[in-house]
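Chain order of the listed sequences is D and Y. With the working numbering as the guide, the letters of the first sequence map in order to residues 1 to 253. With the working numbering as the guide, the letters of the second sequence map in order to residues 1 to 252.
Honestly, the hints are just simulated from the structure, not real lab data. Careful: at least some of the hints might be erroneous.
Unchecked claim - A short list of chain D residues far from chain Y (calculated; beta carbon distances all over 10 Å):
# : residue
1 : Thr-64
2 : Asp-77
3 : Phe-83
4 : Leu-100
5 : Ala-101
6 : His-134
7 : Ala-168
8 : Asp-219
Said to hold, decoys possible - Keeping only pairs whose Cα atoms sit at most 25 Å apart, straight-line, the calculated SDA-like set for lysine to any residue is:
#  : chain 1 : residue 1 : chain 2 : residue 2
9  : D       : Lys-108   : Y       : Phe-199
10 : D       : Lys-108   : Y       : Leu-95
11 : Y       : Lys-184   : Y       : Leu-95
12 : Y       : Lys-184   : Y       : Val-116
13 : D       : Lys-131   : Y       : Phe-199
14 : D       : Lys-131   : Y       : Leu-95
15 : Y       : Lys-107   : Y       : Pro-173
16 : Y       : Lys-245   : D       : Val-244
17 : D       : Lys-108   : D       : Trp-91
18 : D       : Lys-131   : Y       : Lys-107
19 : D       : Lys-131   : Y       : Arg-168
20 : D       : Lys-108   : Y       : Phe-237
Idealized CB from N, CA, C, for every residue including glycine.
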Amino acid sequence: MTEMAIRVDGLTKYYGGAGGTKALEDVDLGIGDCEFVSIIGPSGCGKSTLLRILAGLHGHDSGTATLFGEAVTAPRDDVGVVFQTSNLLPWLTVTRNLTLALEIRHGKAAAAAADVAAMIELLNLKGFEDKFPHELSGGMKHRVAIGQALMQNPRVLLMDEPFGALDALTRDRLNIELLRLWQRDRKTVVLITHSISEAVLLSDRVLVLSERPGRLIADIRIDLPRPRDPSTTRDLPAFGDHVVELSRIMGVV
Amino acid sequence: MAVQGEKRSNPLIAGAFFVALALIWEFSVRWFGVKAYLLPSLSDIGVAFWDARGLLLEHGLVTLGEVLSGFVAAAVLGVALAALIHVVPIARSTLYPMVIALQSIPKIGLAPLMVVWLGYGFGSKLVMAFLFAFFPIVIATLGGLAGVPANLEEHFRALGAGRWTMFRRLQVPAAMPNFMDGCKVAMPLAVIGAIVGEFVGSNNGLGNVILLATGSSQTALTFAALLAVTLLSLAMFYIVELVSKFIWWRAI
């Protein structure tokens with residue numbers, strides 16, 4: 001058993017304080033170091049709320065949430081968050097956007113010392129170093145957003161439907177990139193998604209949340225061989241089995 | 001080739017239109033024998049402008065000085081006040097209503113008071129230009145500061161940014177386009193403010209030239225001075241427009 005990166009015990013959260021709408025109910029989960037875990041669930045089930053609690057952006061009403069044994073009370077320097085919107089600053093170039101997180105967390109010197117060229121290479125953004133966000137396609141913006149989070153070299157990467165707003169083709173391409181990046185760095189990743197096939201393709205484990213209030217209703221280990229690739233992995237019988245199993249749990253089938 | 005429905009302005013047609021207007025002015029004044037002290041012909045105004053070029057330049061520079069100082073003061077203090085109102089909750093519930101109330105005062109009515117307080121010289125004109133330019137800048141900047149997208153603020157919070165970092169690195173640049181819009185509104189207003197100040201009491205400036213020329217029935221000179229004010233205002237606006245090209249990012 002690897003060291004636990006994330007532990008959540010009896011986590012309950014109300015919107016608008018106790019007495020308000022219950023968003024999450026008694027959620028227990030553990031995510032190992034270097035594990036890739038997806039959380040899926042119907043819209044409004046509180047999965048984004050759960051991610052924001054782990055990111056230190058939202059508080060909670062009862063239970064505990066810990067990262068590497070410490071209670072989460074504020075955003076941490078060793079956690080990178082990627083949101084559904086790419087959140088690039090329109091007045092900064094790709095390079096400056098890539099180093100923005102470093103700059104804000106650790107100052108200008110850290111940003112200047114960062115190896116942007118390697119990240120540009122990794123993200124296939126060569127030639128776009130000095131472009132501004134409005135000159136990029138949607139998929140490229142999201143690559144920069146992920147790059148910004150990776151530049152901080154976080155121990156944990158929290159991703160809230162990072163490709164949710166993109167078309168299927170772009171989404172597939174970014175999934176390939178994400179797989180490649182993860183297989184290289186092996187960070188702890190928590191991915192919020194509403195796509196079952198995306199969750200199965202990428203994850204070591206898929207956690208399923210119920211309708212609101214969100215409760216953990218399934219914890220499925222995905223034992224597909226790695227390295228994975230969308231074109232071949234999706235043809236494996238086990239891939240289809242997992243998708244069917246998860247669809248059944250979510251009541252889609 | 002313009003696609004059907006695409007709006008194009010044809011510079012030829014625009015040019016022809018204005019030439020026609022000028023010709024109508026020029027010749028109708030002559031044909032109908034309009035008295036020159038009522039409406040001089042365009043060519044008379046042109047001649048008056050050329051003859052008075054030294055005078056107009058001298059007084060134009062005075063007005064320009066008043067406009068620029070009033071505008072810069074309005075920009076600096078306007079941004080400072082907007083930032084204060086945005087950041088300090090007490091300022092929002094005290095200063096903001098006061099700004100709105102002051103904004104509602106007809107500023108033209110303050111001009112005689114400014115002359116009483118600050119005299120016939122530069123000071124009262126600066127303050128008038130300032131008063132006219134100040135509020136649009138405050139309101140526009142406040143709108144920009146308040147309109148920073150929530151997702152970007154959350155992103156900054158996730159990066160552990162404190163309030164100062166958030167303000168400096170996110171809210172200020174995000175509000176820049178709004179600030180520039182405020183400046184575009186404020187610049188012509190600053191010119192109006194300075195002219196109003198000169199009307200009420202002054203020894204020089206283009207407003208003073210207009211008053212004296214009208215008083216002595218030199219209507220062509222009045223028009224020439226008006227032309228000078230217009231050119232001044234256009235030039236100032238164009239400079240703001242040029243500067244705002246550097247703030248090219250728009251709503252995010």
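Hint by hint, here is what the structure shows:
Remark: the non-interface label on Thr-64(D) is consistent with the geometry, its nearest Cβ contact in chain Y lying 20 Å away (cut-off 10 Å). The claim that Asp-77(D) lies off the interface is violated: its Cβ sits roughly 7 Å from the closest Cβ of chain Y, which falls inside the 10 Å cut-off. The Cβ of Phe-83(D) sits about 6 Å from the closest Cβ of chain Y, inside the 10 Å cut-off, so the non-interface label is violated. Residue placement check: Leu-100(D) does not keep its beta carbon more than 10 Å from all beta carbons of chain Y (closest about 8 Å).
At the 10 Å boundary, the C-beta of Ala-101(D) falls inside the reach of chain Y, the nearest C-beta of that chain being 5 Å off. Chain Y draws His-134(D) into its interface by the beta-carbon criterion, the shortest separation being 8 Å against a cut-off of 10 Å. Listed as a non-interface residue, Ala-168(D) keeps its Cβ farther than 10 Å from every Cβ of chain Y; the least gap is roughly 23 Å. With a least beta-carbon separation of about 26 Å from chain Y, Asp-219(D) lies farther than 10 Å from that chain, consistent with its non-interface assignment.
The suggested pairing of Lys-108(D) with Phe-199(Y) is violated, with an alpha-carbon distance near 53 Å, which exceeds 25 Å. Restraint check for Lys-108(D) and Leu-95(Y): not satisfied, since their Cα atoms lie roughly 36 Å apart, outside the 25 Å limit. Between Lys-184(Y) and Leu-95(Y) the alpha-carbon distance is near 24 Å, which keeps this suggested pair within the 25 Å criterion. Straight-line distance between C-alpha atoms of Lys-184(Y) and Val-116(Y) comes to about 30 Å, which puts the hinted pair past the 25 Å bound.
The suggested pairing of Lys-131(D) with Phe-199(Y) is violated, with an alpha-carbon distance near 51 Å, which exceeds 25 Å. The suggested pairing of Lys-131(D) with Leu-95(Y) is violated, with an alpha-carbon distance near 41 Å, which exceeds 25 Å. Restraint check: the Cα-Cα separation between Lys-107(Y) and Pro-173(Y) comes to about 31 Å, which exceeds 25 Å; the hinted pair is violated. Taking the CA atoms of Lys-245(Y) and Val-244(D), the gap is about 55 Å. The hint is violated against a cut of 25 Å.
Using a Cα cut-off of 25 Å, the hinted pair Lys-108(D) and Trp-91(D) holds, with the two alpha carbons roughly 17 Å apart. Simply put, Lys-131(D) and Lys-107(Y) have alpha-carbon atoms about 46 Å apart, too far for the 25 Å limit, and the pair is violated. Simply put, Lys-131(D) and Arg-168(Y) have alpha-carbon atoms about 22 Å apart, close enough for the 25 Å limit, and the pair holds. For a cut-off of 25 Å, the pair hint linking Lys-108(D) to Phe-237(Y) is broken: about 36 Å separates their Cα positions.
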